[in-house]
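Novice: Residue numbers (numbering that gives the first Met the number 0), protein chains in the order written: chain A, 0 to 222; chain B, 0 to 155.
Take the hints with a grain of salt, since some may be wrong.
[Said to hold, decoys possible] Restraint-style ranges between C-beta atoms, simulated for each label pair:
1. A:39 <-> B:54: 52 to 58 Å
2. B:27 <-> A:144: 30 to 36 Å
3. B:46 <-> A:36: 37 to 43 Å
4. A:148 <-> B:93: 19 to 25 Å
5. A:152 <-> B:98: 21 to 27 Å
6. A:52 <-> B:111: 15 to 21 Å
7. A:112 <-> B:34: 15 to 21 Å
8. A:186 <-> B:103: 46 to 52 Å
Note that these hints are calculated values from the structure, not bench results.
Backbone N, C-alpha and C define an ideal beta-carbon position, used for all residues, glycine too.
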Amino acid sequence: MSTGSSSAHHQSSPHHAHHYDSPEQQYSAAKQGIWLFMATEIVMFGGLFVAYLIFRNMYPEVFAEGAKLLDWRMGSLNTVVLIFSSLTMALGIHFLQVGKQDKAALSLLITVACAITFMVVKYFEYSHKIHAGTLPANFFTYVPADGSATTPNLALFFGMYFMMTGLHGIHVVVGAGLIFWLFLKTRRGDFGPHYYTPVEGVGMFWHIVDLIWIFLFPLYYLV
Amino acid sequence: MGSSNSHGQQKDGAHPSEHHVAPFSMYMKVFWALVVLTVVTVFTAKFVHFGSHTANIVVAMVIALVKASLVVMFFMHQKYETKVNRLFFGAAFGTLVLFIFFVVVDLNTRITFTQDPGALGLKVRSSDPAAAANPGAAVTPLKPAEAEAPAAPSGH
Numbered sequence: 000m001s002t003g004s005s006s007a008h009h010q011s012s013p014h015h016a017h018h019y020d021s022p023e024q025q026y027s028a029a030k031q032g033i034w035l036f037m038a039t040e041i042v043m044f045g046g047l048f049v050a051y052l053i054f055r056n057m058y059p060e061v062f063a064e065g066a067k068l069l070d071w072r073m074g075s076l077n078t079v080v081l082i083f084s085s086l087t088m089a090l091g092i093h094f095l096q097v098g099k100q101d102k103a104a105l106s107l108l109i110t111v112a113c114a115i116t117f118m119v120v121k122y123f124e125y126s127h128k129i130h131a132g133t134l135p136a137n138f139f140t141y142v143p144a145d146g147s148a149t150t151p152n153l154a155l156f157f158g159m160y161f162m163m164t165g166l167h168g169i170h171v172v173v174g175a176g177l178i179f180w181l182f183l184k185t186r187r188g189d190f191g192p193h194y195y196t197p198v199e200g201v202g203m204f205w206h207i208v209d210l211i212w213i214f215l216f217p218l219y220y221l222v
Numbered sequence: 000m001g002s003s004n005s006h007g008q009q010k011d012g013a014h015p016s017e018h019h020v021a022p023f024s025m026y027m028k029v030f031w032a033l034v035v036l037t038v039v040t041v042f043t044a045k046f047v048h049f050g051s052h053t054a055n056i057v058v059a060m061v062i063a064l065v066k067a068s069l070v071v072m073f074f075m076h077q078k079y080e081t082k083v084n085r086l087f088f089g090a091a092f093g094t095l096v097l098f099i100f101f102v103v104v105d106l107n108t109r110i111t112f113t114q115d116p117g118a119l120g121l122k123v124r125s126s127d128p129a130a131a132a133n134p135g136a137a138v139t140p141l142k143p144a145e146a147e148a149p150a151a152p153s154g155h
């Protein structure tokens, strides 16, 4: 325990790891790591958004017709669900900051419920596409109800759609698992006004998930 | 470092609790702003035409950028972050903006290369004697059938 830092720190915070001078420094280091991780998330999805831009420029008619085959009502519903979950996630941290652990736990549980709702809506969307045959590459078997021909290369749209919403969906599932873990820890009383770093970190990840959907929704469902 | 650190040093180590605690009302305001902007983006994309399809895409992207800024600033507390963390995020986002900028420049300044080098004033070395004898002749139509197509239905 006597590692050079004053022992008062250790008594005041059981979460203070000995290789940090102070809980404040530990908190800053953790936050910095999360921001760096968020930067990698932006460049990863960024590459896919640039691919979208290039393909859209090359085949505008494919994307115009593809958007009509997605249900914008389901997309809108999921947008509002994710925005609401971002609110409850932020409120979870807020309630921990002001020492209301019960409300924080409830906020986190609602966030998990929103994530599950999002994935259930996504399940209905995906299963509909699998039945209709609006799928990527050579899995594409879709024929419109009136038997007319579809735009050439329409499978490209669904390749991009499944790639980007699929990667986003994986993030939602991972985020839901992490937030449920936070819920359990909050219930156990692990977090409070003096220590909530993991909640803040996962929260930032969850907001990035919301952020990416904010761009995916109009690009695929609307325009 | 932010001002939160300065008074944190005085006592037994600065706790995260001494970071900026935003009021509950701020989160609700941001949430409702995001909901309203979602309604606006659906409405403008589905029922309003801004002259061209590209204009509609631009409007949708501007609204998405405003929504994204609200999330980053207030939900992710970017507004109260340290300078270096803001730099990380700004660098990633700036890289993406540069990436998109040069791709857009590229996509909008491309030319389609002709099949006929003679049309570009280049020396033709071809096995076809007609093309070799007359460099710079009119570009061979890519789809010769198209020229006859409109005339066909008029006969009946």
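Novice: Hint by hint, note whether the structure agrees.
Specialist: Do the hints match the structure? See the list:
1. A:39 <-> B:54: 52 to 58 Å: Given about 33 Å between the Cβ atoms, the range is violated.
2. B:27 <-> A:144: 30 to 36 Å: violated, 45 Å
3. B:46 <-> A:36: 37 to 43 Å: holds, 39 Å
4. A:148 <-> B:93: 19 to 25 Å: violated, 44 Å
5. A:152 <-> B:98: 21 to 27 Å: Taking Cβ atoms as reference, residue 152 of chain A and residue 98 of chain B lie about 24 Å apart, which means the hint holds.
6. A:52 <-> B:111: 15 to 21 Å: holds, 20 Å
7. A:112 <-> B:34: 15 to 21 Å: holds, 18 Å
8. A:186 <-> B:103: 46 to 52 Å: holds, 49 Å
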